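J.: Okay, here's what each chain looks like letter by letter:
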Amino acid sequence: MYPYEGMFLVDPVQHGADSDAVEGTVKGLLEKHGAKIQQFETWDERKLAYEIKGHRRGIYLLAHFEMPGDAVDALHADCKLTESILRQMLVRLEDDIPTYLEKSAHYYEKMRSELDVRRTGRREEGQDELGRDEALPIIE
Amino acid sequence: MARERRDKKRDKKKFKRFKQRSCRFTRLGVEFIDWKDVQTLQRLCTGQGKILGRKRSGNSARFQRKVEAAIKRARYMALMPYVGT
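These protein sequence lines are chains A and B, in that order.
Counting along the first sequence from 1, when you hit position 108 you're at 108 in my numbering, and nothing is skipped either side.
Counting along the second sequence from 1, when you hit position 70 you're at 1070 in my numbering, and nothing is skipped either side.
If you are wondering where the hints come from, they were derived from the structure by calculation, not from laboratory data.
Take every hint as true, because none was put in to throw you off.
Anything over 10 Å on all C-beta distances counts as not near chain B; from chain A, calculated:
1) GLY16
2) ASP18
3) HIS33
4) LYS36
5) GLN39
6) GLU45
7) GLY54
8) PRO68
9) GLY69
10) LEU75
11) ILE97
12) PRO98
DEER-style ranges, computed between Cβ atoms:
13) SER1022/B / ASP73/A: 39 to 47 Å
14) ALA74/A / ALA1069/B: 18 to 26 Å
15) GLY1084/B / TYR2/A: 30 to 38 Å
16) ARG1065/B / TYR108/A: 17 to 25 Å
17) ARG46/A / ALA1069/B: 17 to 25 Å
18) GLY24/A / ARG1065/B: 34 to 42 Å
19) ASP44/A / GLY1049/B: 20 to 28 Å
20) GLY34/A / GLY1049/B: 36 to 44 Å
The model shown is predicted, which means the values in this text are computed figures rather than measured ones.
Built from N, CA and C at the ideal position, the CB exists for glycine as well.
So here's chain A without its partners, still in its complex pose:
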């Protein structure tokens, strides 16, 4: 069993019609291959950077799970056969899932604070979000 992160791009039309069915299909596929789902989330519908199978918009499902390594190929094959899944990405994680989620939270905290610094144009220690000078020009 290895920790994996899986992202599934699903058809927004089918998801809109019956979101539980589509999410159930994805979860069912994962469980079929012996995955233990630890976290599952649905992203908002968003515009795709390019057209995939005639779709300009899509919904992303993100799952963190543990699965035996030899099931990866079979899962990819099954995803390809499922019509509601447009594309999938499986990434093996280096850490176990709780550690990964922790690191991920840390990562986003850091990166977003970096963005704030860029936006306000200067860095000031000891100042929180409210103490920041909003009148500074936006650097972009």
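For chain A, the structure is supplied; the task is to place chain B on it using the hints.
T.: Okay, now just chain B, sitting in the frame of chain A:
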């Protein structure tokens, strides 16, 4: 005379544009680059969607490799474009 001054001005501009002290990821002390973090990855691409070089982005070799991998994953999932709009 005029040309000289213009060249100087341009050189100065160029220098300013490329100036960055250190790798932002090293400075922030992050361990990896999340390929789902489009907001960050977009800053490391040109408007056309090309990946910025190390000279331009100031990334360390270690993080430049991670950035490349992350952008390529994001492209596959249509989170980012292969080629500009």
